[in-house]
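Student: Order-wise, the sequence lines are chains A and B. Position one of the first sequence corresponds to residue 0 (numbering that gives the first Met the number 0), numbered consecutively onward. Position one of the second sequence corresponds to residue 0 (numbering that gives the first Met the number 0), numbered consecutively onward.
Hint data in this document are derived by calculation from the structure and do not stem from the laboratory. In this text, a Cβ means the ideal position worked out from N, Cα and C, and glycines have one as well. Hints may contain errors.
[Claimed, not checked] Using 27 Å as the maximum straight-line C-alpha spacing, the simulated DSSO-like pairs for lysine-lysine come out as follows:
{"hint": "1", "chain 1": "A", "residue 1": "Lys48", "chain 2": "B", "residue 2": "Lys270"}
{"hint": "2", "chain 1": "B", "residue 1": "Lys270", "chain 2": "B", "residue 2": "Lys175"}
{"hint": "3", "chain 1": "A", "residue 1": "Lys11", "chain 2": "B", "residue 2": "Lys120"}
[Stated by the list, open to error] Derived Cβ-Cβ restraints for the label pairs, each shown as a range:
{"hint": "4", "chain 1": "A", "residue 1": "Asn51", "chain 2": "B", "residue 2": "Met21", "range": "48 to 54 Å"}
{"hint": "5", "chain 1": "A", "residue 1": "Asp25", "chain 2": "B", "residue 2": "Thr220", "range": "39 to 45 Å"}
{"hint": "6", "chain 1": "A", "residue 1": "Asn51", "chain 2": "B", "residue 2": "Thr220", "range": "44 to 50 Å"}
{"hint": "7", "chain 1": "A", "residue 1": "Pro55", "chain 2": "B", "residue 2": "Asp192", "range": "55 to 61 Å"}
If you want the building blocks of each chain, they are given just below.
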Amino acid sequence: MDRKSHLTDFVKNEIMRNSNANLDPDADLLGAGILDSLGILQLVAFIEKAFNISVPDEDVIYDNFMSVNTLVNYLQQF
Amino acid sequence: MDDVIIIGGGPAGSTLGSYLSMAGIKNIIFESSIHPRPHVGESMVTSTTRIFKEIGFLEVMEREGFARKFGAAWHAPNGREFAIEFGEFPQPGIDQEYTYHVDRSKLDLLLLKHAEMLGTKVYQGIHVKQVLFDGSRATGVRVNLNGKEIDLEAKLVVDASGRNTLLGNQLKMKVKDPIFNQYAVHAWFEDLDRGSGRSADFIHIYFLEIERGWVWQIPITDEITSVGVVADRNVIREAQLDLEGYFNKYIVTNPGLAHAMRNARRINDFKTEGDYSYSLAKFVGDGFLCVGDAARFVDPIFSSGVSVALYSAKYAAERIRLALEQGDFSEAMLKPYEERLRGGVGVWYEFIRLYYKLLPLFTHFIQSKQHRIEVLRLLQGEVYDRKDVPVLDAMREYIRRVEQSDDHLLRESLTSIPID
């Protein structure tokens with residue numbers, strides 16, 4: 000499974016807690032209230048575990064975490 | 000004349016009595032109430048096991064069937080939950096993966112009886128009016144016995160009077176914490192749904208969406224669960240509700256808690272605890288020491304209270320033994336005890352402060368590969384004799400970066416607590 004599917008599944012199952020949810024990869028997770036502060040850090044921990052990528056603290060910003068797609072783009076550097 | 004007079008027969012006083020008696024030091028405890036008596040502070044951390052073992056009390060804990068606490072779980076306001084288990088971080092000198100939840104009236108009675116069994120003279124229902132001084136040196140206590148005042152002398156006086164802080168008040172050396180003024184409303188319930196599976200008998204902490212607001216859920220017996228709502232004192236002032244109204248208002252704001260409480264029946268009166276955190280300006284002086292809550296009290300979020308009482312008793316006993324050997328009861332002689340206790344409780348306090356400063360950070364650190372074990376080390380009470388605590392430095396550094404970055408996603412979660 001690629002990162003995008005992994006991330007989408009994680010957000011649906013663990014953050015939205017609804018595996019049948021429809022999640023547009025461009026949806027604004029923060030604006031829509033899907034991701035709150037705890038959720039963001041949960042996602043950071045997931046990325047660390049699943050992809051073995053340690054997200055620098057200063058990269059936890061809106062531009063990177065806005066949507067599944069922005070996150071995938073951001074993670075390409077690792 | 001007794002060597003040591005201990006004011007108060009709570010966990011700090013009884014544990015100190017036990018250590019002193021084991022060392023052959025004559026000591027006497029004056030307890031103002033008659034045990035059993037109710038007390039809040041029903042959950043503990045695993046490091047207490049070490050002390051119970053040393054004073055031969057662990058077998059009593061086991062025999063009496065106190066609820067075993069294998070871990071802790073936290074619940075966010077949106078229903079998400081995460082947990083830790085103590086088995087993941089083994090501690091030297093401790094060979095069980097759990098600590099206990101306790102009915103304090105029962106624990107405190109058993110501990111007092113244990114001290115008595117070891118040789119401590121125990122007098123209950125005796126109120127100590129004041130500590131007697133000759134100049135700056137404590138020389139004994141004045142007790143009230145059937146309406147008559149009697150003065151008793153000792154080489155050392157130990158204040159273990161708990162949150163009454165007898166000496167702190169008498170010497171006007173109680174310093175209120177500038178940040179934490181928390182207030183708890185709590186009671187016992189039956190038919191609370193603790194769920195099933197491994198985490199059913201953990202302590203459960205539910206976050207509330209008010210600053211520094213949270214709720215504890217602590218199993219006392221198979222049937223009885225203690226629940227307490229904690230928040231800044233202003234929150235209850237502003238709510239202007241009766242205790243029950245206040246309690247119920249916040250219980251329903253966390254979905255996990257609302258679910259657990261849906262059929263719960265309260266079985267005793269609501270009780271309150273206020274004026275939460277403080278420290279005495281000094282814990283020792285010529286001829287006296289203060290232990291447990293009588294020395295310092297920090298916010299109860301991490302169940303640290305009983306362990307602080309027990310470790311302060313252990314460290315005080317070590318120093319008292321030396322003082323008696325050398326016949327030196329000066330403040331300078333006793334000071335190393337204060338420094339050791341201050342160091343340990345200081346770590347708890349710093350951890351608590353950083354925790355409240357940026358709540359999501361704690362959950363982040365506990366889920367991170369890099370920091371998890373170090374957070375467990377703290378949560379399990381390994382706070383003493385540590386020169387530095389890198390995980391707290393890392394938390395502070397993270398907070399600094401969030402504060403400095405205009406677009407960091409956690410900026411909104413920062414609270415107003417000062418951390419420098």
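Student: Each hint needs a verdict: does it hold in this structure or not?
Tutor: Hint by hint, here is what the structure shows:
In summary, the hint linking Lys48/A to Lys270/B is not supported, as the alpha carbons are separated by about 44 Å, beyond the 27 Å threshold. Distance hint between Lys270/B and Lys175/B is fulfilled; the C-alpha atoms sit about 22 Å from each other, no more than 27 Å. A distance of roughly 63 Å separates the Cα atoms of Lys11/A and Lys120/B; the hinted pair therefore is violated under the 27 Å criterion. Our hint of 48 to 54 Å for Asn51/A and Met21/B holds, since their Cβ atoms are close to 52 Å apart.
One distance hint, 39 to 45 Å for the beta-carbon pair Asp25/A and Thr220/B, is violated here, with the actual separation near 53 Å. Checked against the given bound of 44 to 50 Å, the beta carbons of Asn51/A and Thr220/B, roughly 45 Å apart, stay inside it. Distance hint for Pro55/A and Asp192/B: a CB-CB separation of about 42 Å, inconsistent with the stated range 55 to 61 Å.
Checked against the numbered hints listed earlier, the structure breaks hints 1, 3, 5, 7; every other hint is satisfied.
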